[in-house]
Amino acid sequence: MAAIKPRISVQYAENATIITFTDEKILEERDIQALQKSVMSVVEQAEQINLILDFRNVRFLSSAVLGLLLRVSKKVYEHQGTLKLCNIDPKIYEIFRITRLTKVFDIHKDLESAMSAGGKAAG
Amino acid sequence: MAAELPISCSMVLKTEPSAIVGLCNKILSELQSNRFSQDDVFAVHLAIEEAFINAIKHGNKMDTAKKVKVEYLIAPGKVEISMTDQGEGFDPETVPDPRVGENLYKPEGRGLFLINSYMDVVTFNERGNQVRMVRFKEKPPLTKSQSQTQA
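Chains as they are written, first to last, in this note's numbering: chain A, 44 to 166; chain B, 1023 to 1173.
In silico lysine to aspartate or glutamate, DMTMM-like type, Cα no more than 25 Å apart, as pairs:
#, chain 1, residue 1, chain 2, residue 2
1, B, 1088, A, 71
2, A, 146, A, 121
3, A, 118, A, 153
4, A, 134, B, 1052
5, A, 117, B, 1130
6, A, 146, B, 1130
7, B, 1048, A, 66
8, A, 117, A, 57
9, B, 1083, A, 74
10, A, 134, A, 67
11, B, 1128, A, 149
12, A, 146, B, 1061
13, B, 1128, B, 1115
14, A, 134, B, 1061
15, B, 1159, B, 1093
16, A, 68, B, 1130
17, A, 68, B, 1102
18, B, 1100, B, 1148
19, B, 1128, A, 87
20, A, 68, B, 1038
21, A, 80, A, 57
22, A, 68, A, 149
23, B, 1088, A, 72
24, B, 1128, A, 137
25, B, 1048, A, 132
26, B, 1128, A, 72
27, A, 80, A, 121
28, B, 1128, A, 121
29, B, 1128, A, 71
30, A, 134, B, 1102
31, A, 118, A, 149
32, A, 118, B, 1124
33, B, 1091, B, 1148
34, A, 152, B, 1061
35, B, 1089, A, 72
36, A, 117, A, 90
Quick partial rundown of chain B residues pointing at chain A, CB under 7 Å, derived from the structure:
#, residue
37, 1039
38, 1064
39, 1129
40, 1130
No lab work stands behind these hints, which were simulated from the structure alone.
All C-beta atoms, glycine included, are put in the ideal place defined by N, C-alpha and C.
Excised from the complex, chain A in its bound form:
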């Protein structure tokens, strides 16, 4: 049986919930929908979540993932939470930069800086 993809790992730290994408590529729409379901379920279970999405393993993604992140951002905002992204590969960061999503998302170099940064409302 094929492995269920994409996979995430969820870590509950003292002041933050950290979701790490474990796949190197996030591409296919059905995978992105599955990913959205998993992430949304984590957001919905918490009150005022301080969510950090860790991209340390991701080397390629499509524009559909940007859509997923915007939907997650909206959901986090509706729950009065905060959202941070971290460990984004330089080539992927370039996608955020040219689409100007660096203005929308609170992006940090690494997990440590994301965890130590103050809350900035998502959205």
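Keeping the supplied structure of chain A fixed, place chain B upon it in accordance with the hints.
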């Protein structure tokens, strides 16, 4: 060992997201074998994925009876890919800029913008159901008049 250039190929693919995977891997592997840079490989990968999704989703409207024709050419200095869907076509000039105003917060509408950003030449046929994308291995030097304009 890298195959002798130019390499060209034409394939007809099904309207399903995974149909592009094999061909995409083949093109990327040939680019790597022919010493295209990692930036070139990333750019072409992104453009292929975005163009194919546009072709099956917006062009063929996920109608599995319809196909997408993909043609590519890898020459010593460039890679050229064209995709033709069986949809009605569209006018790329009418696609809004995803970076402006409320569009920035919309979850969709960035595929074409990314293709335009990462490929050096992007053209559509008159009907708007065929995209042709070119990425040069080494960027063409600016002409004297262009460099004066940009200075």
